[in-house]
Amino acid sequence: DSVDLYQIHWPSPILSPETMMEGMLECVQRGWTRTVGVSNFGQKRMLRAYSTLARHGVALASNQVHYSLLSREVEKNGTLARCKELGVRLIAYSPLEKGLLTGKYSLENPPPGVRASQYADMLAKLPPIIKLLKEIGQNHGDRTAAQVSLNWLICKGALPIPGAKNVRQAEENAGGAGWQLTDDDVARLDAASDDFRSY
1 DSVDLYQIHW PSPILSPETM MEGMLECVQR GWTRTVGVSN FGQKRMLRAY
51 STLARHGVAL ASNQVHYSLL SREVEKNGTL ARCKELGVRL IAYSPLEKGL
101 LTGKYSLENP PPGVRASQYA DMLAKLPPII KLLKEIGQNH GDRTAAQVSL
151 NWLICKGALP IPGAKNVRQA EENAGGAGWQ LTDDDVARLD AASDDFRSY
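Position 38 of the sequence shown, counting from 1, maps to 38 under my numbering, and the rest follow consecutively.
Don't take each hint at face value.
[Unchecked claim] Heads up, simulated DSBU-like pairs for lysine-lysine below, C-alpha to C-alpha not over 30 angstroms straight-line:
| no. | residue 1 | residue 2 |
| --- | --- | --- |
| 1 | K98 | K134 |
| 2 | K125 | K165 |
| 3 | K104 | K134 |
| 4 | K76 | K98 |
| 5 | K76 | K104 |
| 6 | K131 | K98 |
| 7 | K165 | K131 |
| 8 | K76 | K156 |
| 9 | K156 | K134 |
| 10 | K165 | K104 |
| 11 | K131 | K104 |
| 12 | K104 | K156 |
| 13 | K44 | K134 |
| 14 | K131 | K44 |
[Stated by the list, open to error] Using C-beta positions, here's what the derived DEER-type ranges look like:
| no. | residue 1 | residue 2 | range |
| --- | --- | --- | --- |
| 15 | G87 | A116 | 40 to 46 angstroms |
| 16 | E26 | E85 | 26 to 32 angstroms |
| 17 | G23 | A192 | 38 to 44 angstroms |
| 18 | E135 | E22 | 47 to 53 angstroms |
| 19 | T19 | G141 | 46 to 52 angstroms |
| 20 | A116 | E22 | 43 to 49 angstroms |
| 21 | T182 | S2 | 19 to 25 angstroms |
| 22 | Q118 | R30 | 18 to 24 angstroms |
| 23 | H9 | S106 | 32 to 38 angstroms |
The hints are simulated quantities; they were obtained by calculation from the structure and are not laboratory data. Note that the Cβ used here is the ideal one computed from N, Cα and C, for glycine as well.
Model the full structure from these sequences, guided by the hints.
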């Protein structure tokens with residue numbers, strides 16, 4: 001049996017990217033996986049992993065990182081650009097920021113549990129972004145804020161992997177694909193979220 005994609009979940013504090021990729025190469029050579037990826041690797045570590053695999057004729061397929069409209073560090077630190085340059089698929093986890101980008105939460109209706117206090121500052125700054133997401137969504141056949149958020153990531157060249165607690169959420173998430181924001185839409189969302197710090 002073989003898996004399609006096997007990813008290292010996190011950089012190791014004790015193993016080098018080269019050592020980790022040697023183990024992944026063995027998995028490819030033994031037929032245990034078809035492709036190899038990493039997760040939470042910055043561009044320097046990713047390049048080291050990429051180079052190690054490339055010397056053996058194996059491509060680095062993916063780098064799974066935290067990326068959303070509210071968390072754009074991978075754009076600012078060069079990881080997204082380096083992924084595009086190397087042909088590595090950037091997989092975006094937490095693309096809806098645990099529900100914040102769905103428009104479902106506000107200061108008056110915070111998320112349950114500890115997230116209410118954790119996200120208080122974010123919730124205070126969120127209304128203009130949610131308003132813009134909904135406005136843009138109306139211009140694209142009544143798309144939801146979540147769908148616009150996911151499509152923005154697709155337009156950036158990322159593959160978002162949103163979570164879903166039920167069939168309705170899964171169907172809504174699927175509606176983030178199969179259409180495309182305009183360049184102007186993307187630019188407006190970029191400008192609205194440019195100074196947003198998720199944490």
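Unsatisfied constraints (hint numbers, rising):
As far as the earlier hints go, 13, 14, 21, 22 are violated by this structure, in ascending order.
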